[in-house]
Structure formats: C-alpha cells, structure tokens
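I would like the entire structure built from these sequences, with the hints used as guidance.
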Amino acid sequence: MTIRAKLALTVIVAMGLVCFMALVFYKSRALETRTRQTLQEATTEVALLKDLIQNIERQFARADYFLITLDPKEAEEFESLKRTSSRKLEEVGWVPFERELAHAGAAAESLFALQKNSKTRMLSAVMTETYTKFTAKLRETMREHVELVAKQAEDRQRRAQGELKKFNILYGILLVVASCALIVLNIVIYRSIAKPLAALEQGIAQLGFGVKRGGFVHLNSRDEFGAVARAFNSMIFKLQELDKLKEEFVASATHELRSPLSAGQSFVKLLLQDMKALTPQTKLDAADIGRWQNFLERLKTNLDRLNNFISDMLEIAKIERGKLECHIKETDLAPLIEETVEFFKQRARDKGVLLEARLQKELPPCKADADRVRQVLVNLIDNAIKFTRRGAQASVSAEAADSQWLKIAVADQGPGLAFAGRQKIFEKFGQNMASYQFAEGAKGTGLGLSISKAIVELHGGKIWVDSQPGEGCVFSFTLPLVT
Amino acid sequence: MKTKILIVDDEPDFRLILSDILNRAGYETSQAQDGLEAVEILKKESPHLLLVDWNMPNMTGPELCRHIRQTPPIQTLPIIMLTVRHQNSDHAEGIHQGADLYLTKPIDAETLLIHIKALLRRSAPLESQ
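Residue numbers (numbering that gives the first Met the number 0), protein chains in the order written: chain A, 0 to 482; chain S, 0 to 128.
If you are wondering where the hints come from, they were derived from the structure by calculation, not from laboratory data.
Be aware that a few hints might be false.
[To be verified] Ranges between beta-carbon positions, derived for each pair:
(1) I113/S - F418/A: 46 to 52 Å
(2) L353/A - G25/S: 32 to 38 Å
(3) N57/S - Q403/A: 41 to 47 Å
(4) E44/S - F248/A: 36 to 42 Å
(5) A204/A - I113/S: 48 to 54 Å
[Unchecked claim] Computed footprint of chain S on chain A, listed as stretches where at least three residues anywhere in the stretch have a Cβ under 8 Å from a Cβ of chain S:
(6) 245-259
(7) 396-409
[Unchecked claim] Pulled a few chain S residues facing chain A out of the computed Cβ check, cut under 8 Å:
(8) M0
(9) F13
(10) I79
C-beta atoms are modelled at their ideal positions from N, C-alpha and C, and glycine is treated no differently.
Following this line, the structure appears as structure tokens:
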C-alpha cells in the first residue's frame, strides 16, 4: 500500500473516530440531562407528597385538638387547612389514600357538627371512635404510600445513575480503543516512512564514500519509497558504469602517453650508447649509419605520435566543453577531397594499397568548415590505409545523397567489424578493445573517430560505419548542402 | 652457443628496442608480432627464453603462455610477461596462465637483463635436455 494511501486511510479513520466520538458525546450529554431530570422529578414528587402529608397531619391535628378543647377555632383552622390540603392534593395528583382522607374528613366534620349542637353532643363519643378509626387508617395508608414513593424514587435514581455509569464506561472504553487505533496507525505510518528513510540515508552516506563502495538500498516495498530505492539503485549502477568508463579512459590515455614516450627514450638511450662507444678512429659502415637513421626516424615517429595524441586529447577536451570551433561557409568540397586523396597516395603505395577517389561530377557545394572536413577525411583515409591488406584497395567517394545532404564514404578492405563494434568504434578509445583484429602496426590514438564524429555532428550531419567481418568497412558521413 | 631469446610483441618499435638491448648484452634474438606467429617460430626454432606482451592480435600473451604450458616439448620454457597492464589481477592472471615472471612496461634495460639472467640460471638450455 502506498504511503499516500496509508495517510489517507489514517485521516479517514481519524475523522470517522472523531465523528463517532462526537455522536457518543452528545448522546451521553442527553442521557445525563435526562438522568438529572428524572432525579429532579423524583425528588420533587417526594417533596410534594411529603408536603401534602404534612399538611394533612396538621389538618387532623386541629381536629384532635378540637376533640380535647372543643374550641370552635380549631374547627375553623381545620377547614382552612383542609382547603390547603385540597390544593396540594391537586398538585400531587393522585394518591391512594384519597378515599381514607375523604372519610376521615367527613368524620371530623360530623364531629364538629355534632359538637356545635348541644343536643347531639352525647352522640359524639360514637363519632369520635369512627373518627379515630378513620384517621388511624389514613395515617397508615399515608405512611405506606410515602414509603413506597420514596422507595420508587430511590430505585429510579439508582437505575438512572447505573445507566449513566454504564454509558460512561462504554465511552471510556471506546476512547481507549480509538486512541490505540490511532497510535497503531501512526506507528505503522511512521515505520513506513522512518525505516525506508533511514535505509535511504544509509545508502546515500555509503555512496558518499565513493561510487565503488556502492550503497545499494534493498527496499522491496511497493510504495513510493520502493520506487525511490529502485531509482536510487539504478542511479548507482549508472554511476558505477561511468566510473568504470572513466577509469578505462584514464588507463588508455596513460598508455597512449607512456608508450611513445618510453619508446622514444629507449631509442635515445640506444643512440647514446652507440655514440659513447665511438672514437675518432671508429670506421662507420652503411649498417651503422642505417641503424642510427632508423633510430632517429623511430624517435621522430614516436614524438609525433605523442604530439598527435596530446593534440587529440585537447580537441576532445574542447569538444566536451562544447567549445569546438567550426567556421561554416559555403564550400566546394571537390578540390579538398582530391587534394587529400593525392596527399595519401604515396603512403598508400608504400603499403601496397591502391587508393582511389570517385567523385560525382559537378559536386554541389556544402555548408561546411573546410579545415574540419579535411580533418575528418584525413582521419578516415588514414584508418583505411592502415587497415587495408597489402595488395588490396581503399576508395573515397562523394555524391549528393538527396537534395539536402552530401554523402562522403571511405571504404577499406580490412578485417571488418563485428556488429557490436559498429557503435562503440566512435567512442573514445573505442577501437582499443580486445574484440578487434589489428592489422600490422595499426595503432591510432583511439580518439580520431570520436573527434570526427563530433565535427560531423557539429555540421548537422551523421557519421556511421557499414561492415561485415572479413569484408572491410565503409565509413560514411553526411554534410548539409547549400539549398 | 649463444642464448636465444624470442621477443613476442605487436609493436615494432618495442621489438626493435628490446632486440637491440638483448643483442648488446650478448643474446641472439628473434621476433614474432603475435602469439600465432610465435607458435610457428617455436616449431622451427628453440629459444631459451620468451619475452611476451599481453595485448596482441590473433593470440594474446596469456593465451600463448597457456598453449606453451600444454605443449610437451616446450612446456618448461622460461617465459617473462612484459606488459603495460599493471593491475594485481592481471599480474595474478599472467602467472596463472603460465608466465614465470611478470614485469610492467616501461622497464629499464638493466632491470630486464638482471631478471633474464636470473631466470636463465634456473633452467638449462633446451638442447641438453
């Protein structure tokens, strides 16, 4: 799963949890309010009831006093309290002792009525008994009821509080679970990021010690970090390849500098040794003179070779910095080609190679730098002569390939190139590879073709080689025609 | 009888220089420009020691050494490999393929002659075997 997906998932889960918690929170608030309401209602109910009962007690206390004092004022108090009781009774609503209250009240009022009338005073004893029985019953019922209601209220309270407690516990558990889930997700994401980052950092640090030390990162995850690791590893591969190329280049260059220098030194040494052995009496013969001439010639050749190589290296350096100069003008190349071929004819003859030029009649002019084109021609013809077998033929041809390009080709009859060589040969030192078959003495600087390629491409043209092993090579390049 | 040394190197300048140095020191020399030519010469001549380059067309130095070590009549020929290749791995490979000594170019004449003398001391001329 990609990091992006994991992060998205965490955000979704977190938001989900937040919504859920909010919901639960609101629910708990509602529950709490309801619970409180319930508690309050219960308390009020009980209070009201107790108030009523208290009033009723006071009411009948008056009646009791009346029985003792026979004071009509007590009877009046009774009436007033009775009205209060009725009112309070309305507030309370229903009570189970309404009937008993009514009876007791009626009994009390009968007593009052009887006492008022002196004739009926004697009957009040019986009424008193009834009254006492009814009030006792009333008190009992009231007590029972109050107890019941109080207990019910208590129960309801306890239940409500219990529910609230349960809900709060549930809420607490959910909170813990949600926190754990978020912590786990965060750890997962952190590890998805922190571990790969640490591995990458290690790889980069390792690479900092040098390309050869590597620093490959082995992250097989299929997320963004896996992709980065793969890109990083392939970068290291490329860097190592470049490093190897650089080393090969340095080794080749060192060799090309050392060899002619060392050979030249040796020839000088040999010459000196011979000179030291000379006395004015020494007789020189043709062999000695020939020998020394040979040594000096070889010395010169090696020095030239060294010089050419250094020049080529400087050209390559210029090319790589993009500073190769080409002064492109409208040029007729036909005379230039003929001249160059003429220049090489002697050398070709010395090697027993037939060198020919085949130019299209009325060769159209090109947009080119004559000196640079000569440089390319010299390089190619030089190679052709070097690689052609004794007794065989090398040729230079030039013609208009189409309306835009002039094509010049140099063909040799040498060993030819295998397929792999056809691209590599234009690279620096591309010819110094073990896969090539060299003809005798055919060591160039290895840079010539690379420089030729740069020159041709600066003109906007292309250079390539066609070859079959055993059948020689044809090096061709194109230059833009004047349109 | 003069000790004969076969010089195998694809660079004519180098063959010339080596043969001159060896001739002055009293050795007889012959030359081959690659391993293949050396094998042909070995069929006809009996040099006492070989100086062999590494990079050569047709048959490289190590290949030549291996060939010689596998060919009974010339198996024990002393061979000095003389090359520009200076890596330790090349040195090991050269000895592994059969060279008795591995020297790097450029080398000064005195050092080379000393090594040749030491190697020849170890081996008798082929004729007397």
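Okay, the hints, checked on the actual structure:
no.: 1; hint: I113/S - F418/A: 46 to 52 Å; in the structure: 47 Å, holds
no.: 2; hint: L353/A - G25/S: 32 to 38 Å; in the structure: 45 Å, violated
no.: 3; hint: N57/S - Q403/A: 41 to 47 Å; in the structure: 44 Å, holds
no.: 4; hint: E44/S - F248/A: 36 to 42 Å; in the structure: 40 Å, holds
no.: 5; hint: A204/A - I113/S: 48 to 54 Å; in the structure: 49 Å, holds
no.: 6; hint: 245-259; in the structure: holds (count 3)
no.: 7; hint: 396-409; in the structure: violated (count 0)
no.: 8; hint: M0; in the structure: 24 Å, violated
no.: 9; hint: F13; in the structure: 6 Å, holds
no.: 10; hint: I79; in the structure: 17 Å, violated
Hint compliance for this structure: hints 2, 7, 8, 10 are broken, all remaining hints hold.
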